[in-house]
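Novice: Take a look at the letters that make up each chain.
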Amino acid sequence: MNLPKLSKDEIKKLGLSTMGFIFLLYAYFTFFLGPLQKSRDGTLAQIDALRKKIDGSKGEIAKASNLEKQAKESTVRFAALKSLIPDGAPIAWFPPRMKTFFANQQIDHAVARLESNTSFKQPELTGWTKHNWLIELPQADFAAFGKAIADLENAEPLLSITKLSIHVLPNDPQFQQVGIAATTAIEKR
Amino acid sequence: MGLHLNLLHEEILEQRQRQRDPLKIGMLVLAGCGALLFIYYAWNAYRTIEIKTRLSRIAADWQKFEPRVTQAQKRATELTNIINTTRVLDDYIDNRFFWGPLLEKLSRCVPPNAQLSSLEASMLDAERGGGISITIDGLAAAREPRSAAEDLRQMLLEQLGKSYFDVKAEFKTLEDVESVANIGGTNMPMSRYILVITFNPNTNAKPAATPPPSRTKRRSSSNESS
Chain A
-12 MNLPKLSKDE
-2 IKKLGLSTMG
8 FIFLLYAYFT
18 FFLGPLQKSR
28 DGTLAQIDAL
38 RKKIDGSKGE
48 IAKASNLEKQ
58 AKESTVRFAA
68 LKSLIPDGAP
78 IAWFPPRMKT
88 FFANQQIDHA
98 VARLESNTSF
108 KQPELTGWTK
118 HNWLIELPQA
128 DFAAFGKAIA
138 DLENAEPLLS
148 ITKLSIHVLP
158 NDPQFQQVGI
168 AATTAIEKR
Chain B
81 MGLHLNLLHE
91 EILEQRQRQR
101 DPLKIGMLVL
111 AGCGALLFIY
121 YAWNAYRTIE
131 IKTRLSRIAA
141 DWQKFEPRVT
151 QAQKRATELT
161 NIINTTRVLD
171 DYIDNRFFWG
181 PLLEKLSRCV
191 PPNAQLSSLE
201 ASMLDAERGG
211 GISITIDGLA
221 AAREPRSAAE
231 DLRQMLLEQL
241 GKSYFDVKAE
251 FKTLEDVESV
261 ANIGGTNMPM
271 SRYILVITFN
281 PNTNAKPAAT
291 PPPSRTKRRS
301 SSNESS
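Keeping their order, the protein sequence lines are chains A and B. Going by the numbering used here, the letters in the first sequence line up with residues -12 to 176, in that order. Going by the numbering used here, the letters in the second sequence line up with residues 81 to 306, in that order.
Hints were generated in silico from the structure; no laboratory data involved. It cannot be assumed that every hint is accurate.
[As the list claims (entries may be wrong)] Cut-off 30 Å, straight-line C-alpha distance, at most; resulting in silico cross-link-like pairs (DSSO-like, lysine-lysine):
#1 LYS25/A / LYS39/A
#2 LYS59/A / LYS144/B
#3 LYS252/B / LYS150/A
#4 LYS132/B / LYS150/A
#5 LYS242/B / LYS39/A
#6 LYS154/B / LYS59/A
#7 LYS108/A / LYS25/A
#8 LYS69/A / LYS59/A
#9 LYS50/A / LYS144/B
#10 LYS69/A / LYS117/A
#11 LYS40/A / LYS154/B
#12 LYS56/A / LYS154/B
#13 LYS39/A / LYS144/B
Model the full structure from these sequences, guided by the hints.
Specialist: Here you go:
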């Protein structure tokens, strides 16, 4: 193939055109198409992330709805347990409650004292505190006391008796002096 | 064939040179490429705008959805906490030791010729087996007062063994005392005992459904003499 002979001037012009073409391509990809692609890719990634979030969230809502059905029994039970705990400091309501309880069982002069309170070891009970009480019954008939203890254990599910001490009254063997160490689980408020 | 003379040779050559001017051709090619690139850019820009519109639509959907999701997540956490707490509380409640039935059994085991003067009972720590330890201090009166105390121990072993595990009942002290008890008009020698009972509570122990017994009266003071 015979290429036309190019003059010096023509070669210069051809070089200039080539340089112009290269510059055009560089400017096009660097300043126009590149950022556009970048922005598009970013937007697509955002869309992807949002879609994943929405799909995951639909699952979360369904899960919460299922959990609501499953937790019905637990929720009712939890509310029932919470309803056993009056508002206010336990030291304010527990001793009078015990006094009234034992008075209703024909055991008078019951005194409850707070010994200590500690946290539960279980992580699920971080919102609950263990209160250790000492309940003293200076004069109790064994039969009435036995009935009272059984009733107390039934009426106060969050109360657990850890120690029991029964002594005959020296002057009146018909009656006993009773000490009860009990622990109660009380929700922190 | 006639002879043709080209008298415009120079002009034609100049025109040809102008036509194949590389700068001009280069500019034309550049403009062409530029136009193509612009069209491609415009197409891409259009698609990007479309994608951005889609993003804003999805973002608007998410904005509507997000509060519900946050609420659902919060509720799910709350419910999970309630379920777990209730489970642990139920364990706590179920693992309690019920003293009512124990007191009932104790009262049923004590014969008329034995007296319990004190009872100390406590739950052992979980590290120590989590059992129950009871110390009973009392008096027994009979012709053979030690046998009466032994009968009480046997009775306790038998009765407690029905409901609890690993029942042990041992005398810490069993000694005769000077005093005598008047039972049915007869003076009986007495012995004092300290009985230590240990057992593991039955995990299925339930609170007493019925009140404990009434048969717990101590011997009347008339039966006692010191």
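Novice: All hints are to be evaluated individually against the structure, with a verdict given for each.
Specialist: Structure-based check of all given hints:
Using a Cα cut-off of 30 Å, the hinted pair LYS25/A and LYS39/A holds, with the two alpha carbons roughly 21 Å apart. For the hint pairing LYS59/A with LYS144/B, the CA-to-CA distance comes to about 28 Å; that is within 30 Å, so the pair holds. Pair hint LYS252/B plus LYS150/A holds up; C-alpha atoms about 20 Å apart against a cutoff of 30 Å. About 72 Å separates the Cα atoms of LYS132/B and LYS150/A, which puts this hinted pair outside 30 Å; it is violated.
With a CA separation close to 61 Å, the supplied pair LYS242/B and LYS39/A exceeds the 30 Å bound. A C-alpha spacing of about 17 Å is found between LYS154/B and LYS59/A, which places the hinted pair at or below 30 Å, so the restraint holds. Annotation: proposed proximity of LYS108/A to LYS25/A is violated, straight-line Cα distance about 54 Å (limit 30 Å). Distance restraint check for LYS69/A and LYS59/A: the Cα-Cα separation of roughly 15 Å lies within the 30 Å cut-off, and the hinted pair is therefore satisfied.
With a C-alpha separation of about 19 Å, the suggested pairing of LYS50/A with LYS144/B holds against the 30 Å cut-off. Simply put, LYS69/A and LYS117/A have alpha-carbon atoms about 14 Å apart, close enough for the 30 Å limit, and the pair holds. Between the alpha carbons of LYS40/A and LYS154/B the distance comes to roughly 16 Å, so the proposed pair stays at or under 30 Å and holds. Proposed proximity of LYS56/A and LYS154/B is supported: the alpha carbons are some 16 Å apart, at most 30 Å.
The suggested pairing of LYS39/A with LYS144/B holds, with an alpha-carbon distance near 16 Å, which does not exceed 30 Å.
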